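On the provided structure of chain A, position chain B as indicated by the hints.
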Amino acid sequence: MNPIGDLYTGGSNGLREIWANKVRSFLSMSGIILGVAALVSMVGIVQGMLGNMQASFEQGGGILKLEVHAAEAPEPQQHIAGISPGLTWRDIVAVQRAIPLAVYTTPIVDMNYERFIARGRREGALLYGVTPDFINIGTRELGYGRFVADMDIALKSPVMVIGTHLRDKLFPNLDSAVGQQLRLRGQVYTIVGQLAEIEQTSGSRERGNWQNRLNYIPATTAMSRYKGDDKVNEIHVMADRVEDLPDLVEQISNTLTRTHRGIKDFEVRTQEERMLELKKLEDSFIFSLGGIAGISLLVGGIGIMNVMLASVSERIREIGVRKAIGARSHDIFIQFLAEAVVISVLGGIFGLLASVGVLTLAREVIPAGDMISVVPVSAMFYGFIFSSTIGLISGIYPAMRAARLDPIDALRYE
Amino acid sequence: MIEPNVIFRLSGLCRLYTVGSEEVRALDGVDLAICDREFIAVTGTSGSGKSTLMHILGFMDSPTAGRMEFEGKDVTGISGAGRADLRASRIGFVFQSFNLLPRLSVLDNVLLPLTYSRTRVANQRELGMAVLDRVGMGHRASHTPNQLSGGERQRVAIARALINKPRLILADEPTGNLDTKNRSRIMELFSSLLEEGITLALVTHDNEVASYAGRRIRMEDGKVLEDIQL
Numbered sequence: 115m116n117p118i119g120d121l122y123t124g125g126s127n128g129l130r131e132i133w134a135n136k137v138r139s140f141l142s143m144s145g146i147i148l149g150v151a152a153l154v155s156m157v158g159i160v161q162g163m164l165g166n167m168q169a170s171f172e173q174g175g176g177i178l179k180l181e182v183h184a185a186e187a188p189e190p191q192q193h194i195a196g197i198s199p200g201l202t203w204r205d206i207v208a209v210q211r212a213i214p215l216a217v218y219t220t221p222i223v224d225m226n227y228e229r230f231i232a233r234g235r236r237e238g239a240l241l242y243g244v245t246p247d248f249i250n251i252g253t254r255e256l257g258y259g260r261f262v263a264d265m266d267i268a269l270k271s272p273v274m275v276i277g278t279h280l281r282d283k284l285f286p287n288l289d290s291a292v293g294q295q296l297r298l299r300g301q302v303y304t305i306v307g308q309l310a311e312i313e314q315t316s317g318s319r320e321r322g323n324w325q326n327r328l329n330y331i332p333a334t335t336a337m338s339r340y341k342g343d344d345k346v347n348e349i350h351v352m353a354d355r356v357e358d359l360p361d362l363v364e365q366i367s368n369t370l371t372r373t374h375r376g377i378k379d380f381e382v383r384t385q386e387e388r389m390l391e392l393k394k395l396e397d398s399f400i401f402s403l404g405g406i407a408g409i410s411l412l413v414g415g416i417g418i419m420n421v422m423l424a425s426v427s428e429r430i431r432e433i434g435v436r437k438a439i440g441a442r443s444h445d446i447f448i449q450f451l452a453e454a455v456v457i458s459v460l461g462g463i464f465g466l467l468a469s470v471g472v473l474t475l476a477r478e479v480i481p482a483g484d485m486i487s488v489v490p491v492s493a494m495f496y497g498f499i500f501s502s503t504i505g506l507i508s509g510i511y512p513a514m515r516a517a518r519l520d521p522i523d524a525l526r527y528e
Numbered sequence: 005m006i007e008p009n010v011i012f013r014l015s016g017l018c019r020l021y022t023v024g025s026e027e028v029r030a031l032d033g034v035d036l037a038i039c040d041r042e043f044i045a046v047t048g049t050s051g052s053g054k055s056t057l058m059h060i061l062g063f064m065d066s067p068t069a070g071r072m073e074f075e076g077k078d079v080t081g082i083s084g085a086g087r088a089d090l091r092a093s094r095i096g097f098v099f100q101s102f103n104l105l106p107r108l109s110v111l112d113n114v115l116l117p118l119t120y121s122r123t124r125v126a127n128q129r130e131l132g133m134a135v136l137d138r139v140g141m142g143h144r145a146s147h148t149p150n151q152l153s154g155g156e157r158q159r160v161a162i163a164r165a166l167i168n169k170p171r172l173i174l175a176d177e178p179t180g181n182l183d184t185k186n187r188s189r190i191m192e193l194f195s196s197l198l199e200e201g202i203t204l205a206l207v208t209h210d211n212e213v214a215s216y217a218g219r220r221i222r223m224e225d226g227k228v229l230e231d232i233q234l
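For the record, the sequence lines run as chains A and B.
Taking this note's numbering, I'd label the letters of the first sequence as residues 115 to 528.
Taking this note's numbering, I'd label the letters of the second sequence as residues 5 to 234.
The set of hints was computed from the structure by calculation and includes no laboratory data.
Here the structure is a predicted model, which is why all the values come from computation and not from measurement.
There could be a bad hint or two in this list.
[As the list claims (entries may be wrong)] Residues from chain A that face chain B, not an exhaustive set, calculated with beta carbons under 7 Å:
1. Thr123
2. Gly125
3. Ile132
4. Ala134
5. Glu432
6. Ile439
7. Gly440
8. Ala441
9. Arg442
10. Pro521
11. Ile522
12. Asp523
Think of the CB as a built atom: it goes at the ideal place given N, C-alpha and C, for glycine as much as any other residue.
Just chain A, same shape as in the assembly (with noise of 0.2 Å):
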């Protein structure tokens, strides 16, 4: 008994048959390429969306990062609520003095769209004021220059910090931008850096990240320049480790009750949530998509269990043949057996091929869909190895009747 010599006579034969009957082995296969395909590229898709969100994710700081937003203050102290402040700059200055665990921390004075001209140019773009800490929240690097400095916190400098896309628009000849000049409303600001490029991770197309379209000046000037007070929108405090986060979370809270008179109308916020949101999301995913890939390839299976049977009811008398020339049960087991799994791995192939189709052209389609990987190898494994799996499976049984055919009986069938 030789197993390799087995697989390798039945795999041939099963090719022979395969090629014999084209149309009706194609037809048989037509099941697991659609379940294949679909399995592939559905989870490809969501990996590919799931990996935008998750890269969003990091990029904004991670898990260690908290943010303190306002909110509304709690039923009981609303008639009072007036009494506090409300986020302002005097938060930042009692988190950064009273609370070492806050590693960084930077207020976002939200300036949102404003119009910037330089060189004659005009072009719209995101602004914030920040301070130093904010480069080191997040995943943002500088390309040129330097970011805020406390210099210009304490100075309230006209000083920008500019994304990708303002150098572009305002300064195309120009790979950075940093000592050029720009106005704000009609204030001259000079720019002192320039943050590196967000690259689409594996783009073929020129779209640009929007976080390319981010700018930045000085909390402080933004402030006494624009608000005309010290409010701030919002706070964002990252944290060392893992294990500090709740006693930060309820260090920053009684630090900011205090700075606020004791009312509490804000709420901090961890990155916990949106992870396990993005979690939730991705099981979801999975468990709805592999139910229906999954039923699908067990379409597929019954397809090649039916095509298989019709096959052995039509070759009774070669099996008898068989039989009679000395092959045994095992023989004529494994060449149906093989029959099956050629099938179904030829299927499996071409659901693969299928599938980079889909995922090219979903690249192509979906918003956002850079991310997609039009390869993705772990799908593609998995893909393939249950659809021989099912190939296996399905062939057993009709693999199992040509096997017990009596040769006798087999050689009378006409």
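Positioned in the frame of chain A, the structure of chain B alone reads:
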């Protein structure tokens, strides 16, 4: 003591079938010794048990009672796989309706038994061609069975039976589907195999075919009625 030239020895061999609630004795106490290089014609009416005898001699079926020796060994209760191995190595079959596989070429049909022989055979194609030349079909090796006449198909079937160098070739009405001219050609081919040390047993209704044989066994109701050396 076993005579050295006896290849098959059947004693008190029975084969019972149950059809519905009825028992059919297809073989009913057959005693028979088949010697090396014998050419045996088995005749009898249909239902006489001749086909069952051939199936048992060809290890396609097992007796329900009695004893059966092949090449000096007791093979009465041999397993299905053991019988398949004996079919693959010691027995060649020739059928009335040829039973070539239509999708395979003539040469591949002839080589098919080698797929199931447990011993590795080198130079399979050369061997196949040699056997096809032996039956005068070498020039048709790449054709498919559908392109051949009945007589040619039966020659290919005989080549297939010869490829494993069997001890015994069993033929079931091998000329039943052939015209007179082809019938005598095939029978001459069979006769010539004896010189190569092969033992032949064929089932036939045709007295002319039976006349080629050196021994004639007539069966009736599962019993050997007549066993004549000619």
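Evaluation of the provided hints:
no.	hint	verdict
1	Thr123	holds (6 Å)
2	Gly125	violated (13 Å)
3	Ile132	violated (12 Å)
4	Ala134	holds (5 Å)
5	Glu432	holds (6 Å)
6	Ile439	holds (4 Å)
7	Gly440	holds (2 Å)
8	Ala441	holds (5 Å)
9	Arg442	holds (4 Å)
10	Pro521	holds (5 Å)
11	Ile522	holds (5 Å)
12	Asp523	violated (10 Å)
Figure legend: structure checked against the earlier numbered hints; hints not met, in rising order: 2, 3, 12.
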